[in-house]
Every structure is written in structure tokens, then in C-alpha cells.
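In the order they appear, the protein sequences are chains Y and H. Using our numbering, you'd call the opening residue of the first sequence number 1 and step up by one each time. Using our numbering, you'd call the opening residue of the second sequence number 1 and step up by one each time.
Derived by calculation from the structure, the hints in this document are not laboratory data. There could be a bad hint or two in this list.
[Said to hold, decoys possible] Derived DMTMM-like pairs: lysine to aspartate or glutamate, alpha-carbon spacing no greater than 20 Å straight-line:
#1 Lys159/Y - Asp186/H
#2 Lys196/H - Glu69/Y
#3 Lys152/Y - Glu74/H
[As the list claims (entries may be wrong)] Residues of chain Y placed beyond 10 Å of chain H at every Cβ, according to the derived structure:
#4 Arg52
#5 Pro54
#6 Arg73
#7 Gly84
#8 Gln109
#9 Asn126
#10 Gln135
#11 Lys152
Cβ atoms here follow ideal geometry from the backbone N, Cα and C, with glycine treated the same way.
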Amino acid sequence: MKSVFVTVGTTSFDELIAAVSSPPAVRALRSRGCEQLVLQIGRGALEPAPRRAPAFALDVFRFKESLAEDLRRADLVISHAGAGSCLETLEEGKPLLVVINEKLMDNHQLELAKQLHRDGHVLYCNCSTLVETLQSMDLSTLKPFPPGQPEKFALFLDKVVGFE
Amino acid sequence: MPVFVLFDGVFVTSGDFTPARTEMESYIIFHVLTAVYFVFTGGHTTEILRLLSCLSESYSPRHYIFADSDKMSEAKIRSFEQKRAEKFSNSQFTLDRIPRSREVRQSWTSSVVTTLYSILYSFPLTYKLKPDLILCNGPGTCVPVCISALLLGLLGIKRAVIVYVESICRVETLSLSGKILYYFSDYFIVQWPALKEKYPKSVYLGRIV
Numbered sequence: 001m002k003s004v005f006v007t008v009g010t011t012s013f014d015e016l017i018a019a020v021s022s023p024p025a026v027r028a029l030r031s032r033g034c035e036q037l038v039l040q041i042g043r044g045a046l047e048p049a050p051r052r053a054p055a056f057a058l059d060v061f062r063f064k065e066s067l068a069e070d071l072r073r074a075d076l077v078i079s080h081a082g083a084g085s086c087l088e089t090l091e092e093g094k095p096l097l098v099v100i101n102e103k104l105m106d107n108h109q110l111e112l113a114k115q116l117h118r119d120g121h122v123l124y125c126n127c128s129t130l131v132e133t134l135q136s137m138d139l140s141t142l143k144p145f146p147p148g149q150p151e152k153f154a155l156f157l158d159k160v161v162g163f164e
Numbered sequence: 001m002p003v004f005v006l007f008d009g010v011f012v013t014s015g016d017f018t019p020a021r022t023e024m025e026s027y028i029i030f031h032v033l034t035a036v037y038f039v040f041t042g043g044h045t046t047e048i049l050r051l052l053s054c055l056s057e058s059y060s061p062r063h064y065i066f067a068d069s070d071k072m073s074e075a076k077i078r079s080f081e082q083k084r085a086e087k088f089s090n091s092q093f094t095l096d097r098i099p100r101s102r103e104v105r106q107s108w109t110s111s112v113v114t115t116l117y118s119i120l121y122s123f124p125l126t127y128k129l130k131p132d133l134i135l136c137n138g139p140g141t142c143v144p145v146c147i148s149a150l151l152l153g154l155l156g157i158k159r160a161v162i163v164y165v166e167s168i169c170r171v172e173t174l175s176l177s178g179k180i181l182y183y184f185s186d187y188f189i190v191q192w193p194a195l196k197e198k199y200p201k202s203v204y205l206g207r208i209v
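Please put together the full structure from these sequences, using the hints given.
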């Protein structure tokens, strides 16, 4: 698990950034082989300082046009529950740990993360259980996420408008 | 039929029926669809573009209509259309903006006012395009356009088929637009079984984005 990518999408999620860059979390990640931790902090106020050590690097940025490269490079993605972040990660075939922002408990965005967890596609925790999850998680239990099928929609629409 | 692509919804307008003779001496009726596709900022834009990705070139030209406060969708749509033009030589599209009818978490009373304003704005546009089919996938701007289309139908000017696709983010509850358009759409598509159970008149095709 050499490269770990943390993303909060377009939101701000200081609690996650704080939790994942805390010494216990970094220790847990490094004990699992992490040598590079990249934090995409979005609109967050908390901006950890980048670090360069012989066996460990911490990089921080706010936004990019596309996170595809960072997702591809990652061996583990730790993400907020945003649908876009979750789906993009799963479509890259990367193991995903979703961290719930308890300040947003009424947010309907949680519906998708919860369902993905129920279906075995993602791991799920909150900021206070992040460290123990990082220590004990078994990524091999995650099921691959099959792509959506827009061709089924095209077939349906063709029937509806009378193209057959 | 010209395709009318609305950000935050899809319009499909009718076109000409042109019988054509084939080599096999049979007749083909040609439908060129005008569709309006609504897309949204962020993930919803991605969703609508995926929905469009497998549609045949009969759904062309496409007229996209933006919420005027939407900054990100235009670039995504242009990029989508550019790739499409590389595949289909006759690919055509246009872009239009209408006032956004409601911001996220906007209050009820002000939402009614802004929605009415959006209807006033979208009705002439809808009247001009006279869609046959409206395809929407989410919040805000699609409601005034659908209402405009329903009015056109009531006035006997043009009857549109309204197809609504609820976002993949909606697993157990519908968006506000979804709750409204569940009753006014002809086909209401959901992407998770729990919604199909709760809303029995909906169509479930599995995950389509």
C-alpha cells in the first residue's frame, strides 16, 4: 500500500485532514507500507505542511482539473462521502475507504456511500474510528464495482421515441 | 428531429418524417430527434453526459440549455460534443442559458419566485423549440422547462414526452425535482431497487451511468 490518496472533493473536511495526518494515523499507514500520502484538501482551512523524509512523503494540494492521475497512482483512496469522488475511485478500480463527515448527517449524499458499503464495494468509518480502521482493515474483502450501462438507457429511449 | 440539450434536463423536439426508399424497395421513416439535455454542475453533468453517450446520431442536433449560474458544465459539454463530432460528421449542437430556478437550500418562498421567473424565461424558448421529448436528470432548472412543455401540451401546441432520470446519488429518497416530476413525467427512471419499490410507477433499468 505504497501510495495513499486522500480526497475531499470540492468540500472542506478539516476533521478528516487532521485525523489522517495525525501521528497515529501516519504510523498506521506507514506500518502498512505507505511511503507517500497525498492530501487533496479542497476548500478546507487546515493545510498541513508538506513533508519529505527518506521513507515517507506528504504532499498537499487543494484542487486540480482532474484527479484521475492521483487516483490511478494510489493504492488506497480515503475519501469523503461525495458521490463523484466515490464513483470515480471505484471506476478506477481502487480500494476505497469512505470517511463520513458527521457534521453533514442530513446530507443525502450519504445514501450512496451507505449503499456502496452495504454492497461490499467500500469500507466505511468516521474520523474518530479512522485510525483503528486503518490498522485493522482488510482491503481484500472489497468487491469490484461493475460499470453502469448507459446502453440500456439508449435502448429504452429508442423504444420510447419509436426508434427500434 | 433537432436535439435540445438542456443543462438540468433534456428536451427532445420533433422533426420531420421523411420516408426514404431503400435499395430493398421498402420505406424507412426518418426521425431526427431534437432533444434538450439538462445537465448540472459537478457530478450531475457527468451523469447526463454518460446517459447521452450511447444515444444514436438520430438524436441530433442537440440544444443545450444551462442554468446561467453554472460555470463548469459548459466546458464539459463542449468537450463531449467535440469528441462526438470526431465520430459523427454531422454532429450539431447549440448552447443557451436560462436563469437558475433554485439554489441548493434556498428558502421555499424565494424558490417559488425564482421558479416563476425561470418559467417566464423558459416558456418562450420551449415554445420556439417545441420539443417532442424532454429528458431531465435533476434539480432546479428542469422543472420550469417541463412545466413550460406541459403548458404547451395543454394549449394544444405541442405534446412532449417527459423522461426523468433520477441521479445515481439517490438511493432511498428522491430529489425535490424528482418528487415533483414523478407525477408529471411520462417515464420516471430510478437507478436503485429501493426507489423502485417506493415509487412503483418508476422504471428501473439498473445502474445506467
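**Request:** Hints the structure violates: just list their numbers, smallest first.
**Result:** When the structure is compared with the hints, numbers 2, 3, 7, 8, 11 turn out to be violated.
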